[in-house]
Every structure is written in structure tokens, then in C-alpha cells.
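S.K.: Listed below are the residues making up each chain.
2 protein chains.
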Amino acid sequence: MADELITLSDVAAAAGVSLSTASKALNGTDRISAATREHVRVTADRLGFRHNALARSFARGRSQTIGVLTYRASNPFTRVVLATAATELGAREQAILLYDARLGEHDITESVLQLRARRIDGVIVIGTGTSFPAPSITDRFDVPVTYAFTFTEDPDDVTITSDDDQIGRLAMTHLLSTGRRRIAHLTAEPNDAAAVKRAAGAGAVLADAGLDWVTPVRFGRWRENWGEEAVREVLADAPDVDAIFCGSDAIARGAERGLRMAGRDVPGDVALIGVDNWEQLMHDQRVSRHLTTIDVGLEEIGRRVAAQLLDPDPKPGIQYVAPHVVIADTA
Amino acid sequence: MADELITLSDVAAAAGVSLSTASKALNGTDRISAATREHVRVTADRLGFRHNALARSFARGRSQTIGVLTYRASNPFTRVVLATAATELGAREQAILLYDARLGEHDITESVLQLRARRIDGVIVIGTGTSFPAPSITDRFDVPVTYAFTFTEDPDDVTITSDDDQIGRLAMTHLLSTGRRRIAHLTAEPNDAAAVKRAAGAGAVLADAGLDWVTPVRFGRWRENWGEEAVREVLADAPDVDAIFCGSDAIARGAERGLRMAGRDVPGDVALIGVDNWEQLMHDQRVSRHLTTIDVGLEEIGRRVAAQLLDPDPKPGIQYVAPHVVIADTA
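In order, the protein sequence lines correspond to chains G and F. The first sequence maps to residues 119 to 449 in the numbering used here. The second sequence maps to residues 119 to 449 in the numbering used here.
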């Protein structure tokens, strides 16, 4: 059986004071001698007494609970941000109440009412990426709202997200630093903001080096099979290609397979760099790695969005998390 | 600005009744005419009134909050179970308070006190897999405790986890059904319960078919590079191998690369099946897939552990979630 929960009465009895004195000593709500206060506090600590957090929350009108709204909690990026934010919030004794897929026009009204009735202390909206903007819902709440791994159309929304331009720049800088010069790029849809910004960032660094893509940027899908398919086009159009920047690790996996099937060695003939750092985030491979990649900073986004929400003076606008290169076998 | 929160006074005023009558109508705590009750309820709905959930929790001594204890919240398996359980709980208006990495002998005592002070309604312990047993902490709490994706030494603990024996059986059954007969197995450490059970399950099906492994089972690590290394040994020892069951998708990725580097076609020469279904869970590739694999049921574990926790009559002991085959290109 579990031990009985220590109550304020237990503390009062053990300290030999009245319940009222014990309460005053621990809550600091009335005058009481320093010696008595100290005596009661030491007794409370010895017994393992904890204030009834629920009663305290109620008295303050705060729930120590954060509403978390996701578009799709099963999205793998969302999961990383969610787990990291929940960890950070838990370390500060903040619970999360997760509402998944209730951000649509109809559901959001109901969600807002329910979260307010619950007296949540703040809201975190977690997106699935920086491909397309999300609606701002900040003005539906009278508690702070922060956004993670998405962007809204309100420039004042407190938003922590990845830096796609910088991701492209880093990838290209790395390929150039290893001596590659005949570089191709495979990425997702041409109307996807993340794909477009990564391509532009990489292209700018390439141009600064006095170079151009060895074959036009190929826009397609965030899919492994697209990488395999596109690499065949690249090899046909630019057989002397010596590096490929892939917009995601999934595309890079397909590209690597396509290269090997065409008899090209990786990285001997063609270097490959992806984006996402799936091997660490997803396969938990921190020790042995294969694919060289860019980590977009999802865990950092999760930590910072939680910290910004609890910050009494959060910074309005978009804060970009710095990506970093993860060097492994392929580039 | 956000709308003002609708209070019980607003409802009473709009319905033309006293505060006390409005409260009785909505709480059902005293006698009141059915007509008045209905009138007040309709008015409350029209105004969008919600009970103050925090006050209601306090009155009932329940927090509608579940403590979630993780060994390592950054573990990718843990993240999937966590996100799925949080989604399920959120749909039932239950928040989670996540304590990460506080399950050690020292920290657990503090965690227990804090969670009890918070008046949590239950506890979910999420493990990182079925490789090694976790200590039972059920008797430290006076609320229900359930375990996900782990196992304890207490046979009565309510535990939802993956079925490693069945995973091995399914993988082997699939390879045999595609006509393969000269089969090898690459997996993790020989003292890892998940690796051992998967190997045993697969071996039993192989034996039932009157066959034996074409080369002894190779125990190593849950790592991609181990797959690449081990496949070279397999090809040296059993050049006529026609299928490899890999204990995880990471091992299978390495094995595939090793096979291609050795000039073998996949699945033409050698079929490959992994375990984990990373492409769906982690790369979000539900449409186009590459690696044939076994889905161990992590999302189902997350859903069921939440449901069991809230079930007034949970089932003691281990409940295994059924794995399923995900057929793609490699087998």
C-alpha cells in the first residue's frame, strides 16, 4: 500500500502547534514568530509534507496546465516538439492538455471554451512544419499563446521555428568545403515554403562561390521514392555531378539507393547531404551514423517554445532556431 | 481581445433566475422543476457557458491530470507512445504532467510526493522498449498505475507492450510465404530480451517448416552500421542466402546497403524485412514505402495504456499488442 499523504494536520500535530499556526507558517499569510515559522517548516520538510497543489491552484485561479493544440499529433515532427516541450514544462510542474486536430474553424471555438473553462495558463500551438502558414489564434485567448514549428500571418505572434534559408546555406557551405563543385538539388513541391527557402539559401551560397547548379533544381515530393527517381534524371542530365543536396533525409535515402544502383559510390563519386537528422531524432543513433545531414533544431524549438510561454516578457515575432551540420559518412 | 468568459451569474441573469437556482439546474444537486432545469440548461448552452473545470476538480478532489513517468522522453519509441497517449487522454479532457528521468531510486520518492500533492488521478510509466525489465512502482501510489512499452517484475502490473515472439513469427512467416528458404537473422545483443524473443519466434516458425537458419543468428547492436558489417559475414558464410530478417529497421538499412555494395539485388537476390515501421512512424511515409517491416504497434500501445488507465476495471498483467506486417519493396 502507498503511504498516507501527509496533511497539514499531521504537520501541526508533529510540530505541536495549532492547524491555523501551521497554515500561517507555511503560507506566510499572517504574522507569526520567525522561530515558530522555522520550526513548522523544518517539521513539514521532515515529514515530506507538500502543499496540496490542487487547492493552491484553485486559490490562485491557475491550473498549472498548458493547452497544447496540434494539427496532427501523429506527425513525426510534431511528436518531437511535443515530447520536448512536455518535458520542459513538466520540469516546471506544468501539465499539458493536448487537443489534437481541433484547430479547424468549427472545432476551435469549442476548444477555446473548454480550455478557458479549465483555466489553462497558456497555449502552445505546434505545427507540422514551415511549408505553409497557420492561422493566428492568439486573440481568441486571454492567456499567452506561443507557436512552434509553424508560422502565422500575424507578425507579432510569439513563434519559435526552423530557419529554412539558413538550412540551405549550411548544407551548401558544407558541400563546398569538402571540395564539391558540380552540385544538384532534389527537393519537394515548388509551392512549399520550406522547400523554396532551402533551395534559395543553398543557391545564394553557390552563387557567392561563382557557381551555378549543375542541373536545374528538381522539385517533387518529400518522399524517399522521389529521391530515387529524381537521381536518375540528374545522372542523365549531368553525369559529372559530384554532390547532391537533398531537401530531406527521406529524399536522400532514395537518392543514395538510386546512386548505388547506377554504380556510383557514395561519397566517393557523389556526396550526399540531407535535412532532418532522422538518425538521431528518430532512430536514436547518436553513436554510429550514416547520412550526413542538417539538424533543423526541433528539440530546441520544443524547449524554447515552453520557456517563452512561461516567460513573463516573451519576445513577439518569429525567433529562428539555428540549424547545425551533422557530419557522417555521405558528405 | 478575447471574449469575456461566461460565468454562472451571466447564465442566471440571462435565464432570469437566481444564482442558486442556476447552480442547482446545472449541477443537479437539489430539487428543481424539470422545466426550470431545461430552461437554464438551454440558456447556458446558448451563451457557451462551461463549468469552471478547475473549481469542479477541486470540489471532487480530482485534478483530471495524469502523471506520466518516462525513463528518457527523447527516446523515439517513448515519443510515439507519449504523443499517442497524450492525444487519447486529451480527447477525454485529461492533462498529463510529464516527469522525465526521475525514476531512479533517489528521484522517484520526490516524484511520488509531488505527484500526490498535485492530486493526479493516475500514473502512466512509459519505457523505452522490451529489452530489459523495469522496476514496479505501483505500490508507491494510491491511484491506478499502468505501464507502456516495458515490462516489470510484478505479474499483476497493468502493462501494455509489444509481442516480440509474435514479431519474429510474423517476419518469418512472411519470408517463407514469398518462397524464401535460405534465411539469415541479424539482431542486437544476446542479453536483450526483445532480440532474443524475436529470434526465437522466427526460429520456431523456421523449424516448423523443417528448415534451419542458413548461417547462425548474428547478435550485435541495434545499429545501422552493424547491419552493414554483419551482412558481409553472412555473405561470406552463406553466399546462397536468399532472405535476411533484421531485428530492426536500422539494422535492415545497413544490411541493404551492404548487399548492394556486394552487388546483390534487393529483393531480387536477397529479400529483407525489418522491425519498427520507421517509415510510417518516423518519416511519415504512409503512401510510398521502401522497406518491408513489422509494425510493433507503438501507437496502439499509447492508445490502450491511456484507455486502461481510465478504465474503472483494468485488466491486471501483460497485454500484448498484435504486430502486423507492412509490405513494401524489399520482401
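For the record, the hints were derived by calculation from the structure and aren't laboratory data. The C-beta atom is built at its ideal place from N, Cα and C for all residues, glycine as well. Incorrect hints may appear among the rest.
[What the hints assert, rightly or not] Below, a sample of chain F positions facing chain G; criterion: calculated Cβ distance under 10 Å: (1) Thr-154; (2) Arg-164; (3) Pro-194; (4) Leu-207.
[Claimed, not checked] What follows is a set of in silico ranges between Cβ atoms, one per label pair, in the way DEER data are often shown: (5) Asp-358/G - Met-379/F: 32 to 40 Å; (6) Ala-440/G - Glu-307/F: 34 to 42 Å; (7) Thr-291/F - Gly-222/G: 41 to 49 Å; (8) His-224/F - Gly-222/G: 39 to 47 Å; (9) Pro-357/G - Thr-291/F: 39 to 47 Å; (10) Ser-138/G - Leu-137/F: 29 to 37 Å.
[Said to hold, decoys possible] Reference listing, derived: stretches of chain F covered by chain G, where coverage requires no fewer than 3 residues with Cβ under 8 Å from a Cβ of chain G: (11) 197-206; (12) 289-297; (13) 301-310; (14) 375-384.
S.K.: It remains to establish, for every hint, whether it holds in the given structure.
M.R.: Checked hints:
no.	hint	verdict
1	Thr-154	violated (23 Å)
2	Arg-164	violated (13 Å)
3	Pro-194	holds (5 Å)
4	Leu-207	holds (7 Å)
5	Asp-358/G - Met-379/F: 32 to 40 Å	violated (22 Å)
6	Ala-440/G - Glu-307/F: 34 to 42 Å	holds (36 Å)
7	Thr-291/F - Gly-222/G: 41 to 49 Å	holds (42 Å)
8	His-224/F - Gly-222/G: 39 to 47 Å	holds (46 Å)
9	Pro-357/G - Thr-291/F: 39 to 47 Å	holds (44 Å)
10	Ser-138/G - Leu-137/F: 29 to 37 Å	holds (30 Å)
11	197-206	holds (count 7)
12	289-297	violated (count 0)
13	301-310	violated (count 0)
14	375-384	holds (count 3)
Against the hints set out earlier in the document, violations occur for numbers 1, 2, 5, 12 and 13.
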